[in-house]
Amino acid sequence: MGSDTSDTGMQPVVRVTRRLPETVEAALSSRYAATLNLSDMPLGRQSLERAMVEADALVPTITDRIDAELLATPGRRVRILANYGAGVEHIDLDAARAAGVIVTNTPGVLTEATAELAILLILAASRRAMEGDRQLRAGEWRGWHPTHMVGQGLSGRVLGLVGFGRIAQETARKAHALGMRIAYYNRSAAAPEVEQALEAVRMPILPALAEAADVVSLHVPGGAETYRMIDAAFFAAMRPGGIFINTARGPVVDEAALAEALTSGKLFAAGLDVYADEPTVHPALLRHPHTVLLPHLGSATIEERTAMGMQALANLDAFFGGRELPDRVA
Numbered sequence: 001m002g003s004d005t006s007d008t009g010m011q012p013v014v015r016v017t018r019r020l021p022e023t024v025e026a027a028l029s030s031r032y033a034a035t036l037n038l039s040d041m042p043l044g045r046q047s048l049e050r051a052m053v054e055a056d057a058l059v060p061t062i063t064d065r066i067d068a069e070l071l072a073t074p075g076r077r078v079r080i081l082a083n084y085g086a087g088v089e090h091i092d093l094d095a096a097r098a099a100g101v102i103v104t105n106t107p108g109v110l111t112e113a114t115a116e117l118a119i120l121l122i123l124a125a126s127r128r129a130m131e132g133d134r135q136l137r138a139g140e141w142r143g144w145h146p147t148h149m150v151g152q153g154l155s156g157r158v159l160g161l162v163g164f165g166r167i168a169q170e171t172a173r174k175a176h177a178l179g180m181r182i183a184y185y186n187r188s189a190a191a192p193e194v195e196q197a198l199e200a201v202r203m204p205i206l207p208a209l210a211e212a213a214d215v216v217s218l219h220v221p222g223g224a225e226t227y228r229m230i231d232a233a234f235f236a237a238m239r240p241g242g243i244f245i246n247t248a249r250g251p252v253v254d255e256a257a258l259a260e261a262l263t264s265g266k267l268f269a270a271g272l273d274v275y276a277d278e279p280t281v282h283p284a285l286l287r288h289p290h291t292v293l294l295p296h297l298g299s300a301t302i303e304e305r306t307a308m309g310m311q312a313l314a315n316l317d318a319f320f321g322g323r324e325l326p327d328r329v330a
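Note that our numbering has the sequence shown beginning at 1, numbered continuously upward.
For the record, the hints were derived by calculation from the structure and aren't laboratory data. Don't be surprised by glycine CBs; every beta carbon is placed ideally from N, CA and C. There may be inaccurate statements among the hints.
Derived DEER-like restraints, expressed as beta-carbon distance ranges [stated by the list, open to error]: (1) Thr280 to Gly179: 34 to 40 Å; (2) Val194 to Arg287: 38 to 44 Å; (3) Thr63 to Met149: 50 to 56 Å; (4) Val194 to Glu89: 25 to 31 Å; (5) Asp133 to Ala189: 36 to 42 Å; (6) Asp40 to Gln196: 55 to 61 Å.
Given only the sequences and the hints, what does the whole structure look like? Please build it.
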């Protein structure tokens, strides 16, 4: 297996910025002069600059900021960024195109795991699961009684999905099986057969979705177009006692507005897997008893994290083999 000091030989040099599943690292090292990050600490700016001049390919993750200045590193050798992950908002795609650097991603493979996590957050938030867990572990449970830690049922409630791509549709399928009704807001309508199977209703504007939903789940990409699209006005439009779920990207949400909606009692609970300033979490969200907070685990199953790595590897193989790239985004 490769290390931080690889014998390059005639193989292309591939720099991997974080630890990947063992089978993925082994596959990379068997085909390339793979330089792995054995410490798993995010690479600093100088390390990224060095990688740009020492490697033929970079396998970055969301923790790496690939901006125009980095892409303009004097003597840059990197010709492809095979991103490990579907989101590419941490990469300046316009600058990559201008520099002639190809960018690929890993869409599709994380659909099931992220949808499962969205359902986990919905269930945990609606039934106050984490609050109960904390109470029991602290030795504060005094036994069963009829009004103890009463939550909300899901059957018959409306799940409103902001965005309706693969992950949102899979989340909708799972929620529909739990007896929830489905509404969604998206630029374009889903295929009629999808709407029919899920009995899903498309809302014409975002505030209409907020008004219609008991539970809102966020499924849009990050970036300038969606920055803080979920704000105080959105939370004000939501039904009293609503639940908010985010497994998409943290900067899409005004976290101060979310915290205020929880503190005021407008919202019943929130379940979050992503944050605006990761790994920092808004202190009011940390303090609130009705928040379920996870450390960005959306795709964290061994099956899907491995599949993501193999998809990044497939893009590298296609590039160095002179074939069409399966997941090119720039």
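Hint check, failures only: 3 and 6
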